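Student: Here are the chains, one letter per residue:
2 protein chains.
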Amino acid sequence: MRAYEVIHRKRDGRPVPPEAIAELVRDYTEGRVPEYQMAAFCMAVFFRGLSDPEMRSFVTAMLHSGDVLDLSDVPGPKVDKHSTGGVGDKVSLALAPLAAACGVKVPMVSGRGLGHTGGTLDKLEAIPGFQVNLPVERFREILASTGACLIGQTDRIAPADRKLYALRDLTATVESVPLIAASIMSKKLAEGIDALVLDVKVGSGAFMKRTEDARRLAEALASIGRGMGKRVSALLTDMDQPLGRAVGGALEVREAVDLLRDEGPRDLRELTVELTAEMLVLGGVAPDRPEARRRVVAAIGDGRGFLKLCEITEAQGGDPDALADPSLLPSAESTRDVPSRERGLVQAIDAEAIGLAAMALGAGRSRIEDRVDPAAGLVVEKKVGDAVEVGEPLATLHLGRAPLESPDAVEARVRGAYQIGSAPVPPERLILERIEGGPP
Amino acid sequence: MRAYEVIHRKRDGRPVPPEAIAELVRDYTEGRVPEYQMAAFCMAVFFRGLSDPEMRSFVTAMLHSGDVLDLSDVPGPKVDKHSTGGVGDKVSLALAPLAAACGVKVPMVSGRGLGHTGGTLDKLEAIPGFQVNLPVERFREILASTGACLIGQTDRIAPADRKLYALRDLTATVESVPLIAASIMSKKLAEGIDALVLDVKVGSGAFMKRTEDARRLAEALASIGRGMGKRVSALLTDMDQPLGRAVGGALEVREAVDLLRDEGPRDLRELTVELTAEMLVLGGVAPDRPEARRRVVAAIGDGRGFLKLCEITEAQGGDPDALADPSLLPSAESTRDVPSRERGLVQAIDAEAIGLAAMALGAGRSRIEDRVDPAAGLVVEKKVGDAVEVGEPLATLHLGRAPLESPDAVEARVRGAYQIGSAPVPPERLILERIEGGPP
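So the sequences go chain by chain: A and B.
Take 98 as the starting number for the first sequence in the numbering used here and just add one per residue.
Take 98 as the starting number for the second sequence in the numbering used here and just add one per residue.
The set of hints was computed from the structure by calculation and includes no laboratory data.
Bear in mind the structure is a predicted one, so any value in this text is a computation, not a measurement.
Don't take each hint at face value.
Unchecked claim - Once the Cα atoms are required to be at most 25 angstroms apart in a straight line, the calculated SDA-like pairs of lysine to any residue come out as:
#1 B:K260 x A:G128
#2 A:K306 x B:R111
#3 B:K260 x A:Y101
#4 A:K260 x B:G128
#5 B:K260 x A:G289
#6 A:K306 x B:G110
#7 B:K260 x A:R99
#8 B:K306 x A:D266
#9 A:K306 x B:Y101
#10 B:K480 x B:A506
#11 A:K260 x A:G289
#12 A:K306 x B:V165
#13 A:K260 x B:L264
#14 B:K306 x A:G110
#15 B:K260 x A:R106
#16 B:K260 x B:V165
#17 B:K306 x A:D109
#18 B:K306 x A:R145
#19 A:K306 x A:A520
#20 A:K260 x B:A506
#21 B:K260 x B:M325
#22 A:K306 x B:D109
#23 B:K260 x A:D266
Generate the whole structure from the sequences, applying the supplied hints.
Tutor: Quick look at the structure:
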């Protein structure tokens, strides 16, 4: 079937034969279908969606556009976690060593931050010497020996997705649930995993602002996973305020280390435990969630998670001493408090605004080619529900060497992100829903 | 506003500032906006439409992408007629001389046939010597001296439309009412007309198969005309069977000449009179429709229309003797009847199938670069409601020199186009609706 006919059918909401979808992806990747036809197809998908068989065919074709790792020679269940992106989300830094310490193999391919959201690779690189670009053979060795390895995406994983994403980015077709789901899953399935835990963020700091959109995405992801014979769980989690307190490379590494030392913010710990426990259950190393949670908490309490992070860091060329002694991490030359001008209870924090404030300090990227300052960032001193007096700091800015904006401008951003009032604030739920999609 | 933002807004159904629409069209035409962004925009328009201000800006930008004729130095009201295309539609060949004979100036820029529909240029070229490619100055002279001139579109009229149409044709975005309307009107408004009569065809042989779609198109066309300060009328007319009996270049010229000699099929005459009368009213040369119809009928009856066609033909290099003596027109070396295998009343004729049968004989094009055989075509001997006996011819095939299919295959096409049954057939209405859109 010609590309024209595929676009035409999708436009009119008629089923497209799965083989025709696969052919479209292949022909597009290899340059036989021009960008303008793929752009029209993506916009038609924005309006019409993809059926389950169409989606399966679409993802399979993207997945097989590049290398698919075969980790069957690495013993143990291979389970990864993927987050749709948020502000202050350093879960992976603690989750990967904790899951590995509990007997799951974690082959994790992560991304970089863009806009208001951070990326795991940038955070890892705040650890002196840490290498995220490793050849596949080294990735496999570290995974087998330590139980986890965290690297960046290579050019050889799902090149169709990279080409398509660049096009979607220019044609306003990014915000399509099936296209987002296909993009995520084609990359994750290329990792050679057996199971996947998805953290689908909802709220002001997330890609999905509304629960129903996040649920649709989670269901699409789970459905793809099911269709490909993988075990998949998705948690819908709150991103209406930053996760934890730290936002920015080295600051987030410190907070993850705090967690692994049985300290640090409660919300970060709760989410990390829950997601790691889910990996243990999906990987079949724990019989049920309560037992899985107990094991993760134990691995925090007895320091096995922290030691595992040191071990992984060393294997990937990083300096484990910087984890034991955070003064060896990059740090800002000066800090500055953002004092509150109001008294009351924090009603809400616009997480996206906080993410953009951190970016303005140099902790993030506005374009993919920008460099990140690992020392820059901010620490949220007051979270939703906290009482605040006039003059008390809402947040502390860690001033980087190459900020995009003046400290005054960033301070205004942070202050603007806070809603302070007198109404009592009900406790926010961190984990909103769980969506499961095991093999049929 | 960047193209991305325009696409994004249109996708989400938010208003786009008219200036941003105009900028998009200009930047696309001049190569600053890539094809893939325009493709995504067109697909978003397919789903979201264009508001009146957006449409006005879109059409204006397409119109001004090329030359806009100024015919203000040609005295008299300039009025054109445009048909959305059908099978056996030779109205323009009689309408242009009739309107000119009644005092309207007709600057008509026509197209070629494609697929099952014929084009006025191909029909004109069946007249030996007739030139449809004339320089603008000669077009103006003939218009001023004879009252009508019929030419083909030049590269300098609405180049944005040509570029956009080629893209839409490859991206399944042709069938969008606002894009169709913009394409038609940008070309027609470039002719320097004061008013325009639109013949929007509905039915099996038309682009629009359903009355509601045709009505939406007619209303969009009228709305654009109104917005541009032109007087526009649109008639929704039946194309559920071929118009008249002849389909194919020279055969249609003969039928148009028959009409101008007060002979020929009733439906062709009725529609031609109605559309021409509409031009007289819009052009202000007749006070009302009944009087306009009387004048057109008089110009048929006393031969002024026929003489005017001869005059125009001579001015455009054609041989007027071939109009007086149709044996001088191209003719097929052999003909073949398609006898009916059934007895009864003709319930319906699939006009598109008849158009494709004529194309298969060599009378049409499957691709724009194909050549048309002016002698090839067919004559429909039985129309809807006619009684037919077994063995009586349904149609006569005029076999061209380079047919695309065998006579047997074409015969099967024609027979398959006929539905014959015993039910009484109510008379079909030829003119279904009238939609007007004068200046506000």
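Student: All hints are to be evaluated individually against the structure, with a verdict given for each.
Tutor: To see whether the hints hold, each was checked on the structure:
1. B:K260 x A:G128: Distance of about 22 angstroms is within 25 angstroms: holds.
2. A:K306 x B:R111: 19 angstroms, holds
3. B:K260 x A:Y101: Cα-Cα ~17 angstroms, so holds.
4. A:K260 x B:G128: 22 angstroms, holds
5. B:K260 x A:G289: Between K260 of chain B and G289 of chain A the Cα gap is close to 46 angstroms, so the pair fails against 25 angstroms, i.e. violated.
6. A:K306 x B:G110: 19 angstroms, holds
7. B:K260 x A:R99: 21 angstroms, holds
8. B:K306 x A:D266: Violated: K306 of chain B and D266 of chain A sit about 37 angstroms apart, past 25 angstroms.
9. A:K306 x B:Y101: 21 angstroms, holds
10. B:K480 x B:A506: Holds, because 21 angstroms separates the two Cα atoms, which is no more than 25 angstroms.
11. A:K260 x A:G289: Measuring from Cα to Cα gives roughly 22 angstroms; hence the hint holds.
12. A:K306 x B:V165: 48 angstroms, violated
13. A:K260 x B:L264: 21 angstroms, holds
14. B:K306 x A:G110: 19 angstroms, holds
15. B:K260 x A:R106: Between K260 of chain B and R106 of chain A the Cα gap is close to 24 angstroms, so the pair holds against 25 angstroms.
16. B:K260 x B:V165: 17 angstroms, holds
17. B:K306 x A:D109: 16 angstroms, holds
18. B:K306 x A:R145: Within the cut-off at roughly 23 angstroms; holds.
19. A:K306 x A:A520: 23 angstroms, holds
20. A:K260 x B:A506: 46 angstroms, violated
21. B:K260 x B:M325: 23 angstroms, holds
22. A:K306 x B:D109: 16 angstroms, holds
23. B:K260 x A:D266: The given pair, whose Cα atoms are some 24 angstroms apart, holds under the 25 angstroms limit.
Checked against the numbered hints above, the structure violates hints 5, 8, 12, 20; every other hint is satisfied.
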